[in-house]
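Engineer: With the hints as constraints, model all of the structure from the sequences given.
Here are the chains, one letter per residue:
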Amino acid sequence: QQQVKQSPQSLIVQKGGISIINCAYENTAFDYFPWYQQFPGKGPALLIAIRPDVSEKKEGRFTISFNKSAKQFSLHIMDSQPGDSATYFCAASMMERPGGGNKLTFGTGTQLKVEL
Amino acid sequence: NAGVTQTPKFQVLKTGQSMTLQCAQDMNHNSMYWYRQDPGMGLRLIYYSASEGTTDKGEVPNGYNVSRLNKREFSLRLESAAPSQTSVYFCASSGADRAGTMNTEAFFGQGTRLTVV
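Order-wise, the sequence lines are chains E and Z. Per our numbering: the first sequence = residues 1 to 116. Per our numbering: the second sequence = residues 117 to 233.
Honestly, the hints are just simulated from the structure, not real lab data. From the three backbone atoms N, C-alpha and C, an ideal C-beta is built for every residue, glycine too. Among these hints, one or two may not hold up.
Unchecked claim - Each computed DSBU-like pair below joins lysine-lysine, with the alpha-carbon atoms no more than 30 Å apart:
id: 1; chain 1: E; residue 1: Lys-113; chain 2: E; residue 2: Lys-5
id: 2; chain 1: E; residue 1: Lys-5; chain 2: Z; residue 2: Lys-187
id: 3; chain 1: Z; residue 1: Lys-125; chain 2: E; residue 2: Lys-68
id: 4; chain 1: Z; residue 1: Lys-125; chain 2: Z; residue 2: Lys-173
id: 5; chain 1: E; residue 1: Lys-71; chain 2: Z; residue 2: Lys-173
id: 6; chain 1: Z; residue 1: Lys-125; chain 2: E; residue 2: Lys-42
id: 7; chain 1: E; residue 1: Lys-42; chain 2: Z; residue 2: Lys-187
Said to hold, decoys possible - Cβ-Cβ distance ranges computed for the label pairs, FRET-style:
id: 8; chain 1: Z; residue 1: Pro-199; chain 2: E; residue 2: Leu-116; range: 22 to 28 Å
id: 9; chain 1: E; residue 1: Lys-15; chain 2: Z; residue 2: Asp-172; range: 42 to 48 Å
id: 10; chain 1: E; residue 1: Leu-116; chain 2: Z; residue 2: Glu-221; range: 43 to 49 Å
As the list claims (entries may be wrong) - Output of the computed footprint for chain E on chain Z, the stretches with three or more beta carbons under 8 Å from beta carbons of chain E:
id: 11; region: 179 to 190
id: 12; region: 225 to 231
Structural biologist: Okay, here's the thing in structure tokens:
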């Protein structure tokens with residue numbers, strides 16, 4: 001059962017363009033929605049995250065848009081650079097569960113390639 | 117600050133062999149996790165330990181066992197490896213805020229690439 005659905009599977013964007021990756025979730029108990037960036041041969045690293053009490057969060061060129069009613073969230077990478085070429089994973093978890101840990105449910109990933 | 121350290125980085129096993137993947141974190145985190153990553157499937161939770169002394173099954177626990185050795189270390193054991201367990205395995209850890217009311221972000225190790233032939 002795929003609780004977090006991610007699209008597209010792969011994406012090619014020109015340098016300077018906008019990369020957009022979308023995710024949808026099913027479990028309304030999720031209260032934390034991070035995006036992880038993974039380079040080949042490395043572990044995932046947290047890129048940016050959002051809680052459901054806000055509709056948008058921006059950090060530099062990276063923005064998360066969150067639509068609670070639609071149970072969807074997306075990552076926008078502005079002015080995409082070749083160095084952004086990586087695999088991106090959306091995820092969801094329940095942060096406000098003290099003692100329960102931060103168990104992440106991941107999307108299937110998007111391979112982003114930014115071309116010159 | 118090393119973060120989350122996994123050993124080994126690569127391993128090839130024959131079907132039926134056993135092995136233990138080691139993980140250690142130096143961030144004083146309470147919770148630790150084992151995920152596996154397969155092409156087109158993202159990362160899936162195998163087992164986790166919410167706190168020292170406790171372990172629980174995740175989404176795909178069959179064929180694995182875990183041990184929370186102490187607060188720093190969490191190992192994953194394959195008793196009788198199968199080709200279906202060929203994957204990249206990631207260990208992660210997370211903590212809690214000062215009040216203990218909310219979990220914090222998860223940090224991942226560099227992964228162990230396991231091939232079972």
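Engineer: For every hint, state whether the structure bears it out.
Structural biologist: Hint check results:
Using a Cα cut-off of 30 Å, the hinted pair E:Lys-113 and E:Lys-5 holds, with the two alpha carbons roughly 20 Å apart. Pair hint E:Lys-5 plus Z:Lys-187 does not hold up; C-alpha atoms about 33 Å apart against a cutoff of 30 Å. For the hint pairing Z:Lys-125 with E:Lys-68, the CA-to-CA distance comes to about 39 Å; that exceeds 30 Å, so the pair is violated. Under the criterion of a C-alpha separation no larger than 30 Å, the hint pairing Z:Lys-125 with Z:Lys-173 is consistent with the structure, at around 24 Å.
Between E:Lys-71 and Z:Lys-173 the CA atoms are separated by roughly 27 Å; this keeps the pair inside 30 Å, and the hint holds. As the CA atoms of Z:Lys-125 and E:Lys-42 are separated by approximately 11 Å, the hinted pair is consistent with the 30 Å bound. With a C-alpha separation of about 24 Å, the suggested pairing of E:Lys-42 with Z:Lys-187 holds against the 30 Å cut-off. Evaluation of the 22 to 28 Å hint for Z:Pro-199 and E:Leu-116 yields a failure: the beta carbon distance comes to about 40 Å.
Look at E:Lys-15 against Z:Asp-172: about 45 Å separates their beta carbons, and that is inside 42 to 48 Å. Taken as a hint, the range 43 to 49 Å is violated for the pair E:Leu-116 and Z:Glu-221, whose Cβ atoms sit roughly 33 Å apart. Check result for the region 179 to 190 of chain Z against chain E: violated, 0 residues qualifying (beta carbon to beta carbon below 8 Å, three or more required). With 3 residues carrying a beta carbon less than 8 Å from a beta carbon of chain E, the region 225 to 231 of chain Z meets the three-residue requirement, and the given coverage holds.
The structure fails to meet hints 2, 3, 8, 10 and 11 from the earlier list, while all remaining hints are met.
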